[in-house]
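Visitor: Sequences listed follow chains L and U, in order. Just so you know, the working numbering puts 171 at position 171 of the first sequence, and the rest follows in order with no gaps. Just so you know, the working numbering puts 15 at position 15 of the second sequence, and the rest follows in order with no gaps.
Warning: the hint list may mix true and false statements.
[As the list claims (entries may be wrong)] Covered stretches of chain U, going by a simulated chain L footprint (3 or more residues, C-beta under 8 Å):
(1) 46-57
(2) 80-88
(3) 94-100
[Stated by the list, open to error] Below, a list of computed lysine to any residue pairs in the SDA-like style, where the Cα atoms sit at most 20 Å apart:
(4) L:K177 with U:T46
(5) L:K177 with U:S90
(6) L:K177 with U:G5
(7) L:K177 with U:M53
(8) L:K177 with U:I84
(9) L:K177 with U:R88
(10) L:K177 with U:L99
Calculated directly from the structure, the hints in this document are not laboratory data. Quick reminder that beta carbons are idealized off the backbone N, C-alpha and C, glycines included.
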Amino acid sequence: MPIVASATIPDALTFAISAAAILGGAVGVIASRNAVHAALSLVLTLFGIAVLFIEQDASFLAAVQVIVYAGAIVVLFLFVIMFLGVDRREDVAAEPLRGQRPLALLLVAVALGGVIALGVNAHWATGVHAVAGSTTAGHRPNVAVLGRAVFTTYLYAFEATSALLVIAVVGAVVLAKRPRVDQPARPEPLVVPDGRQPSIDGGEETPVEAAVEAQVGTETPVAEHGGAR
Amino acid sequence: MSIPGEWYLVLAAALFIVGALGLLVRRNVLIMFMCIELMLNAANLTFVTFSRMLGDIGGQVIVFFVLVVAAAEVVVGLGIVVAIFRRRASTSADDLNALKG
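Pulled out of the complex, with its shape left as it was, chain L reads as follows:
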């Protein structure tokens, strides 16, 4: 369907500019040497997607897209990049697997052609009865319709996402926690009282034996002192 015949000029301009921003940002993500530049290109793509959400009357999702994706997820990416100190340039031209890139290009070209061919030849499912309600039910605003669907039809899924978020938070804390530092090493006696060499691997003597030996080692001078007096 020709784009100019069925759309107004502002709509067509909005779509064209957003599409250019989306694809340009995506190419920037995969082509930039610096990880910080890649994250900033990702913001460009996410904003373009948000504009297209507004263009398709999904205004609540556009707001969430900007707040959650561009506001939280990209900031998290930038935080990790700068926290790890990996914001230096990397060598993109180096190809660790010979022939992987031409193969990847061929694969994605075939996939893109296949998807578009499928879309052209497919019979569009039109007139399907809406399970969750119409997008414009009763001329209510988008937020009202979406909120009603989330809290009635998809209530259990909504509750499950709350559990998912809690689990993700706990998992992130566990993963990012520093491994617990071991107990400070005891000063080991060079020669144990019965003449054995101190075990280097530490696997021979149990902690109880080590404690007894340490106690004996500290008490011996006291006993000698008492004997002399």
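Position chain U against the provided structure of chain L, taking the given hints into account.
Guide: Just chain U now, kept in the frame of chain L:
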């Protein structure tokens, strides 16, 4: 009259393909995560487009849930990256070869 939905679908397919290409080509784990985000956004755009074409709010609800799952995935994934970086001091996927035969 707005843009026909086919154009959005083609754009979403192109965005998904770019993300998949980046995931295959790049070796930096952080960039690979960003490419996963690109593919998730392509799927979101497809969902919203079908939601408008079919007049069903369910597509937008699914995008809502995809956003939640993407946030959780990024949090856990970046936690894993930080944990690996502590051990290996590298974010290259090629250095994670401990299970290589």
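Visitor: Between the alpha carbons of K177 (chain L) and I84 (chain U), is the straight-line distance 20 Å or under?
Guide: holds, 12 Å
Visitor: Check whether the Cα positions of K177 (chain L) and M53 (chain U) lie no farther apart than 20 Å.
Guide: Distance ~47 Å between K177 (chain L) and M53 (chain U) Cα, so the pair is violated.
Visitor: For K177 (chain L) and S90 (chain U), compute the direct alpha-carbon distance and say whether it is at most 20 Å.
Guide: Roughly 18 Å between the alpha carbons, so the hint for K177 (chain L) and S90 (chain U) holds.
Visitor: Straight-line Cα separation of K177 (chain L) and T46 (chain U) no greater than 20 Å?
Guide: Measuring from Cα to Cα gives roughly 38 Å; hence the hint is violated.
Visitor: Examine the region 80-88 of chain U for residues whose CB is less than 8 Å from any CB of chain L, and state whether their number is three or more.
Guide: Since three or more residues must qualify, the claim that chain L covers the region 80-88 of chain U holds, with 6 doing so at under 8 Å.
Visitor: If you draw a straight line from the CA of K177 (chain L) to the CA of G5 (chain U), is it 20 Å or shorter?
Guide: violated, 46 Å
Visitor: For the region 94-100 of chain U, does the count of residues with a C-beta closer than 8 Å to a C-beta of chain L reach 3?
Guide: With 1 residues in contact (Cβ-Cβ under 8 Å with chain L), the coverage given for the region 94-100 of chain U is violated.
Visitor: Take the C-alpha atoms of K177 (chain L) and R88 (chain U), compute the straight-line distance between them, and say whether it is at most 20 Å.
Guide: Holds: K177 (chain L) and R88 (chain U) sit about 16 Å apart, inside 20 Å.
Visitor: Can you take a look at whether the region 46-57 of chain U is actually covered by chain L? Rule is 3+ residues, C-beta closer than 8 Å.
Guide: holds (count 9)
Visitor: Does the structure keep K177 (chain L) and L99 (chain U) at a Cα separation of 20 Å or less?
Guide: Judged against 20 Å, a Cα distance of about 24 Å means the pair is violated.
Of the numbered hints stated above, those contradicted by the structure are hints 3, 4, 6, 7, 10, listed in ascending order.
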